[in-house]
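Each chain, written out:
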Amino acid sequence: MSALALLADGSTRPPLSQVVVWLNDPQNWTGPNGLLFYLRQHVVYTVVAVVIALVIALPVGLIVGHTGRGAFLVGGLANGLRAVPSLGLVVLLVVWLSPKIHLLQTVPGVVDHHGALPYLIPVEIVLVLLAIPPILTNTYAGVQNVDPAARDAAKGMGMTGAQVIRKVELPCALPLIMSGLRSSVLQVIATATIAAFAPFLGGLGQFIVNGVQTINDPHTGYPAMVGAGLVVAALALVAEVSLIIVQRYVVSRGVSGRYRKTKAGVHAPDGSVVGMELAGV
Amino acid sequence: MIRFESVTKKYPDGTVAVDHLDLVAPSGQITVLVGPSGCGKTTSLRMINRMIDPSSGRIWLDDRDTAKGRPSQLRRGIGYVIQHAGLFPHRTVIDNVATVPLLLGTGRREARAQALELLERVGLPANFADRYPAQLSGGQQQRVGVARALAADPPVMLMDEPFSAVDPVVRAQLQEEFLRLQGELGKTIVFVTHDIDEAIKLGDQVAVMRVGGTLAQLATPAELLSRPADAFVAGFVGRDRGYRALGFAEAGELPLTDEPVVRLGEELSTACDRARDGWTLVVDAESQPQGWLGVRGLAVDAQRGSVTPELLNLGGTLATESGTLREALDAALSSPSGRGVIVHEGGSFAGTVTASEVLARIEARAAGVRHEAESYTADVLAGGSTHNAGSTHNAGAAP
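Chains A and B, in that order, give the protein sequences.
Here our numbering is used: position 246 in the first sequence is 246, and no number is missing along the way.
Here our numbering is used: position 260 in the second sequence is 260, and no number is missing along the way.
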């Protein structure tokens, strides 16, 4: 049997078993250009983008939800951002914006390569634009869904606007905010592969970009592309599960409905049954 | 004391919710604002703690102008209870109750200790402290709502239809306990409701408002029933005014008739011997009335058994000796034997009255009231002040 399978366009590719072989080779994980090195970069790009998006979208969503002002902007902006062609925008910004950035600093752990910052910034801009809509719309919707009576009570008891947001609206909206954050993270992890198109940058997309050039190479070609793709998917799953666990801890049981079992058998004083009662007044 | 001084709320679209309202809610009393929807009662209430700002006029809390200072500071000193309780779903019951003390800077431990005490006060067992609002019934939530409003011990409480979202049985219970609590605490309370019965039951004074945000009548409940200021108030107060007004008339010493009774567990034949007009009153070991036993319906062979609770007719209500004419009349009317059961304060049997005996008392009283009313009418016709009638029924009516 041939080691190469025929593709639709007539070219050939190695069988899937080669992907398993490639992933099982420790050299491909720990080497200087191994999976772990690019995985770390990928996580860094993702975390930076999501944190920036959170810092922008969370306060805006909370304030718009609290005041009710600018709600139409949230909807329009979020939908518009969703339609952004990410790869096209990265290419555009790298060509147009990067030459104007003269920052050559390195940031240990984030930007290790001297001169990479002018290219990282455009990529992060695109990732942030992608990460904002789910967080923004979910935060807004979460605040909107807070029981109006609870809000009225909070204000009526003397909470300031900021206290109402912090002590009532944010905790009550947290399940929706967390699900928005989760979809942002997923989207950014998947899209951060485009960072490899920019000079000096990497991430797991590096294997995919390189692999296209050398598709038939057993070390850097097709097996590496598929292997890196699988690692991206695994990373997304790990992130999702981690955030679900975080959500369990940060969302109040009163909101999530996961109550602790209470001792049964005590009834409220309501609803007692009386045979002969005092005549009502 | 809360004083409205020509307070108007006009919205930008021209709607006038409250129109030159003058009103005084005296300290330590319950002032009920009542009226049809759109009469501005809730708006008036919400202007007191500046949830809504008046367009013109002033509202005074004792000698303090509420318009001065920060609204949040003002609100922390005023208890606030709303229709659906508005508990914070993410906080446990005890943390809900501790909200205002924490805002005011009380330590967490102290605030929780106070909150626990308050829960008991509003009739919730201590093991409710760690539950979340979603785990409570509507009535229980509203108890927590009341406890939360009381937590910082504010002298003034605002209550916006607090009991209207619960079923009638629980509502009646909450109302009773609210009155008991107010008896202990003596807060200055402004209470909004659309239910005239609730207004009459709870109010020390009742302000009836009409659509357009003007005051139709400010009076004590008894006065509202006996002397509605105009056709609107009369219509709003509704049917059965005469009967309901008896709820404010003390029965005084009624001509009680003693009644041979049987205790639970005694022979049925004894009960038959003691029956009058076919009915015997059955009491328990503490001689508290349990119900009426109709001996005519009993089969002959059944008479060999003893008196059990299952045999009793529970239709009759009980009236206390110190109760009102309404209770006494109701006891007589509802009793299957036609004899109303009157009990001592402790609940033990005191005697019975018939409806005609109560009616005689009512008529005697009505004659007295008519006499008073004639002098009142004479006063009005003479154009004199009505204040010497010892009432506030017209005070503060809109010009």
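Honestly, the hints are just simulated from the structure, not real lab data.
It cannot be assumed that every hint is accurate.
[As the list claims (entries may be wrong)] Restricting the straight-line Cα-Cα distance to at most 20 Å, the calculated cross-link-like pairs of lysine to any residue (SDA-like) are:
(1) A:Lys-167 with A:Arg-151
(2) B:Lys-187 with B:Lys-10
(3) B:Lys-10 with B:Asp-53
(4) B:Lys-187 with B:Pro-101
(5) A:Lys-167 with B:Arg-227
(6) B:Lys-68 with B:Arg-108
(7) A:Lys-167 with B:Arg-108
(8) A:Lys-167 with B:Met-51
(9) A:Lys-167 with B:Pro-101
(10) A:Lys-167 with B:Gly-183
(11) A:Lys-167 with B:Gly-105
(12) A:Lys-167 with B:Ala-134
(13) B:Lys-187 with B:Glu-161
Verification of the supplied hints:
At roughly 10 Å between alpha-carbon atoms, A:Lys-167 and A:Arg-151 fall within 20 Å of each other, so this suggested pair holds. For the proposed pair B:Lys-187 and B:Lys-10, the alpha carbon gap of about 30 Å is over 20 Å, so the pair is violated. Among the hinted pairs, B:Lys-10 with B:Asp-53 is consistent with the structure: their alpha-carbon atoms are about 10 Å apart, no more than 20 Å. With a C-alpha separation of about 18 Å, the suggested pair B:Lys-187 and B:Pro-101 falls inside the 20 Å cut-off, and the hint holds.
Under the criterion of a C-alpha separation no larger than 20 Å, the hint pairing A:Lys-167 with B:Arg-227 is inconsistent with the structure, at around 49 Å. The hinted pair formed by B:Lys-68 and B:Arg-108 fails the criterion: a straight-line CA distance of about 30 Å is larger than 20 Å. The hinted pair formed by A:Lys-167 and B:Arg-108 meets the criterion: a straight-line CA distance of about 15 Å does not exceed 20 Å. A distance of roughly 19 Å separates the Cα atoms of A:Lys-167 and B:Met-51; the hinted pair therefore holds under the 20 Å criterion.
This hinted pair checks out: A:Lys-167 and B:Pro-101 have alpha carbons roughly 14 Å apart, not beyond 20 Å. Among the hinted pairs, A:Lys-167 with B:Gly-183 is inconsistent with the structure: their alpha-carbon atoms are about 34 Å apart, more than 20 Å. For the suggested pair A:Lys-167 and B:Gly-105, the alpha carbons sit about 15 Å apart, so the restraint of at most 20 Å is met. For the given pair, A:Lys-167 sits about 18 Å from B:Ala-134 by alpha-carbon distance, which is consistent with the 20 Å threshold.
Of the pairs offered as hints, the one joining B:Lys-187 and B:Glu-161 holds, with about 17 Å between alpha carbons and a cut-off of 20 Å not exceeded.
Checked against the numbered hints given earlier, the structure breaks hints 2, 5, 6, 10 and satisfies all the rest.
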